[in-house]
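One-letter residues, chain by chain:
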Amino acid sequence: MSEHLKAAPVDRKIFTPGVIILLILMANGLFFGLKRFLFGLGAVTNLDNYYPWGIWITIDVASGVALAAGGFTTAALVEIFHREHYHALLRPALLTAMLGYTFVALGVLIDLGRFYNIWHPIVPSMWSGHSALFEVGMCVMAYVTVLYVEFIPVVTERFRNRVNWPGLLSRFNAFTEWVLKILDNTFVRVMFLFTITGVVLSCMHQSSLGTLMVLTPTKMNSLWWTPVLPLLFLLSAFSVGYPMVIVESMIASSSFKRKPEMELLSPLARIIPFLLGIYFAAKVIDWVDRSQLGRLFNGSTASNMCLVEFGLGVVLPLVMLLIPGIRRSPAGLFSAALLIVLGVVFNRINVFLTAFQPPYAEKVYFPSIGEISVTLGMVAALIFIYRLLVTLFPIIPTHVQKEKSHVPA
Amino acid sequence: MSVNRRQFIRNAAIAGAGSTVGMVAVRAGEDAIQPSPDAMGVLTDLTQCIGCRKCEWACNQEPSNDFRENKPMSAFEDQSVFQTHRRHSSDSLTVVNRFEGSDGKPVYVKSQCMHCVDPACLSACLVTAFKKEANGAVSYDSWRCMGCRYCLVACPFQVPSYEYLDPLTPRVRKCTLCFRERTSRGSVPACVEICPVQCMTYGKRSDLIRMARARIANYPDRYISHIYGEHEMGGTSWMYLSGEPFENLGFQTLPDEAPPRLVEGIQHSIFRYFISPILLFGLLSATMWNFKDAGSGGTSHE
Ligand code: SF4
Ligand code: SF4
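Residue numbers (this note's numbering), protein chains in the order written: chain A, 1 to 409; chain B, 1 to 302.
No lab work stands behind these hints, which were simulated from the structure alone.
Backbone N, C-alpha and C fix where the C-beta goes; we use that ideal spot for every residue, glycine too.
Treat the hints with care, as some may be off.
[Stated by the list, open to error] Chain A is faced by these chain B residues, among others (derived, beta-carbon under 10 Å):
hint	residue
1	His85
2	Cys151
3	Tyr162
4	His268
Make the full structure from the sequences, and use the hints.
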């Protein structure tokens, strides 16, 4: 089937009612974002000395990084394991990763008290190899660069031999063509190096995000605190990559009124139970090893949160995806994939917030309107830019010609 | 299955087993950091403190601390503050709290940064804004700081605080043992100097421990047999003697292991000489090569 799928710019108008809602959310987020930069973190957030990290770190950054795992897992599948027939899924996955990480960087920027020092980790005199956060920072910076490089072929494909600047700028046409040609001939040739580097960098910082909380054994609920947190973060990133690709692809299909690409997504879904199964096993072995099973069922809020996270986010979708009928049904596949995605987000929220029990705290952190607004605004902006880019660039696979005339409603 | 791929799978299995062994080895962590022989420290004898809050005032006046507002002594004479349990904040790097002793008499507890032997804040910081000075003080350089607040997350004693309301130059705030203007020049911290009953002693950490042991031995009725900070979280430069069990006085019961050893054990075993990333890069390149001919033909369809 893949022969009939070719990435092409989506031919849809940009402003729809959905997009207007996105714009409103973005404006609202921007308002609180500006307020934060004018009056400080304290004016907008509920953060305090006990809970220094809120949803901007948990959702925008930690969950954002996890959900962008679709990029490196798909790149590994297509480019390293040479499952070429999934090629049609690679570009959307890379675009999400690229946008996802860009917003992770923005999320960090708005959360940093001294945002203008964000470049400090690069300065050798400030290097701090013992800090897991240092490694996360360096890897994310490097990986964002790799993702932008991986996007170059999309740009060159769109504009090569088609550069046509308006008016006076047209004198740069030849020059732009020349730049595109150079890019095409250099970067694109060594792209495999970038692909492998991207996967390595991803494995490094996906796991190190988990290492962050290993530093606080006395301040965390032992259902989540374990020295193998980095391994669990890595395995959950592996297992959320393809579900994220599936969710995204199906949402895009329905929003652009197309048929879901089940002929690609169903076989892709067969890989998920292996990855999710390994994560499942690692979680259970860790609990048994640290004798936490009793605590898991003791009925406390934390244990219930943990059971929901594990039951709905891991066990249920694992069982669902083992059933071929569910993998083949769009509704079944979508629900299972969405459960995994939400499960991983819930896991990150649990690790960084639910499990975090700082001593002497008078109240438990709950995000403020401002924090929620900024997070929603960022998500809205991400979706908006994604939509914009797929209408401009050849990203989303299209059933070329054949099916254009009879798209089912 | 081609010979190539079978061999590859075997290699991958070996690599997988290797990394699992690595993860298991990691759990042992690194060897504990020992305090340097020259390290200084403070011993606070809680049986002597009278709750006058002069130390809070001296701290506020101390130039090393760069307070944005220096308050008058009168601001620290109010005893009603003892009705609530206070913690350090961005404008108070040390606070005194009152607890009720088992004999009904008040027990006053001064708290501040413990100046850990193996500080979690320092291990957390990604731009080395904290420094463990030769005298044991944990100092902070706001110029390097990015304001990520990982140090606040990391500190097991819940010490650092943040200037959340400052939009441009917020600082992490914590006691620095008056490093800049005092202890780096051989004088004693401001709070230790001002205390009218001298309940704090500034000296070599090893001497302080000897002194504390002697006091416990000489006055077994006055002290419980526990020097808080000798071992907690890998040991601290600031230590306490008490007549009451520490858990009744707002102190946490903490393990002896310093968490940075565990984390740095993980970081070092994975990243020493970039071993794991390089191995992974090699493994992935080999895979890319091995599966080159697999193409789409060899894969399953539903
Ligand atoms: S008590 Fe906290 S702030 Fe002070 S040195 Fe130890 S970890 Fe750092
Ligand atoms: S807030 Fe500043 S001092 Fe604390 S860890 Fe972050 S960069 Fe380091």
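- Could you check the structure against the hints above and give me the numbers of any it violates, in ascending order? Result: no hint breaks.
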